[in-house]
Amino acid sequence: AIDILTEHHLGVEVNIRTADVTCFGAYVLNPKTRLVDTILAKSTLVATGGAGNIYSNTTNPTIATGDGIAMVYRARGVIENMEFVQFHPTALYNPKERPSFLITEALRGFGGILKTFDGNEFMHKYDDRLSLASRDIVARAIDNELKISGEDYVYLDCRHLDRNELIRQFPRIYAKCLSLGIDISRDMIPVVPAAHYICGGIKTNEFGQSTVRNLYSSGECASTGMHGANRLASNSLLESVVFSHRASEHAISRVGSIDFCNAIPDWDAEGMVLTEEMILITQSQKELQAIMSSYVGIVRSNLRLQRAIDRLVLLYEEAEDLYNKSILTPRICELRNMINVAYLVIKQAIAQKENRGLHYSLDYSTTRN
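Counting from 3, one number per residue, gives the positions in the sequence shown under our numbering.
Just so you know, these hints were derived from the structure itself, not from any lab. Do not take every clue at face value.
DSSO-like mimics (lysine-lysine), calculated; alpha carbons at most 27 Å apart, straight line [to be verified]:
#, residue 1, residue 2
1, Lys149, Lys127
2, Lys327, Lys34
3, Lys288, Lys327
4, Lys149, Lys327
5, Lys98, Lys178
6, Lys355, Lys149
7, Lys149, Lys98
8, Lys288, Lys149
9, Lys127, Lys117
10, Lys98, Lys349
11, Lys98, Lys127
12, Lys149, Lys117
13, Lys98, Lys205
14, Lys349, Lys288
Build out the structure end to end from the sequences listed, making use of the hints.
Here it is in structure tokens:
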């Protein structure tokens, strides 16, 4: 999908102060014809997943570019809690691979020990639970050690564990690492934090309804309130199942009282040209990921966040210019959405004046969970 259809597409001005914005469907890019179809709907559910690809390292699939969140934001729906980005502390360090391969925290629970590039343990400096501390603490610790050392990764050491039991308990990790020439029973595993889950998103109620009438959301792109400021492992699957079911039942119960809006115009592509400047899209995406990873990552500060906003402005202007002149492609749409979502993460991080859950700033000493 490209955009949520609202009163804006009927020529009515819609802004953040507009009450009772209504969804009439969506403009959708047809991958076969490369044309934009107008899909009218009485009810629309956005379930587009997360936005991990706004960062350089992520465990998310390449399609996790925040499309649904960005579309609802442009439709003037409420987006909340975007500052709470969960980083998994241990993804396999392999710059050639995207998404990053997840090294489960169960491996630390089994006895794996985090060590610096030089082979020294370091978690005792950060938490009494050592390598078994919570995700956010471990991720911050690794991030700090990497900034101190200037290295690209730390190690997870499993060499002291029983080889046969290690392979039996973690066959996928063993096979994956072995394919890269790493025998986890004899070699330490290079690991790095990676963007894993966004706890915020499209604000919804207990029925999955967003603040835009006739528009629902479920899954990672929705902010149901279930995860607060720091998600517990595996809760998101149950959340998706429950709220998707509740949203569908609620939409079905109301379908008879809603009419289609046949006045929505078709997409106007007149004057658009097919861009051959893929290098511009690729480089803009890399710049965005570098900005977010450097300034809006695990540890933040007001100075870093402001610098990120300043850098993002130019990318936004360039992407909007490209979007407005080009025949649309998935890459152009994804870049635009990623920039919108990055902006939301930064602005809501700036607005958060305390350390809470997954948001940690050097400028604030108080921490709340």
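Against the structure, the hints:
no.	hint	verdict
1	Lys149 - Lys127	holds (15 Å)
2	Lys327 - Lys34	holds (21 Å)
3	Lys288 - Lys327	holds (22 Å)
4	Lys149 - Lys327	violated (41 Å)
5	Lys98 - Lys178	holds (14 Å)
6	Lys355 - Lys149	holds (24 Å)
7	Lys149 - Lys98	holds (22 Å)
8	Lys288 - Lys149	holds (21 Å)
9	Lys127 - Lys117	holds (12 Å)
10	Lys98 - Lys349	violated (31 Å)
11	Lys98 - Lys127	violated (32 Å)
12	Lys149 - Lys117	holds (14 Å)
13	Lys98 - Lys205	violated (35 Å)
14	Lys349 - Lys288	holds (20 Å)
Checked against the numbered hints given earlier, this structure breaks hints 4, 10, 11, 13; the rest are met.
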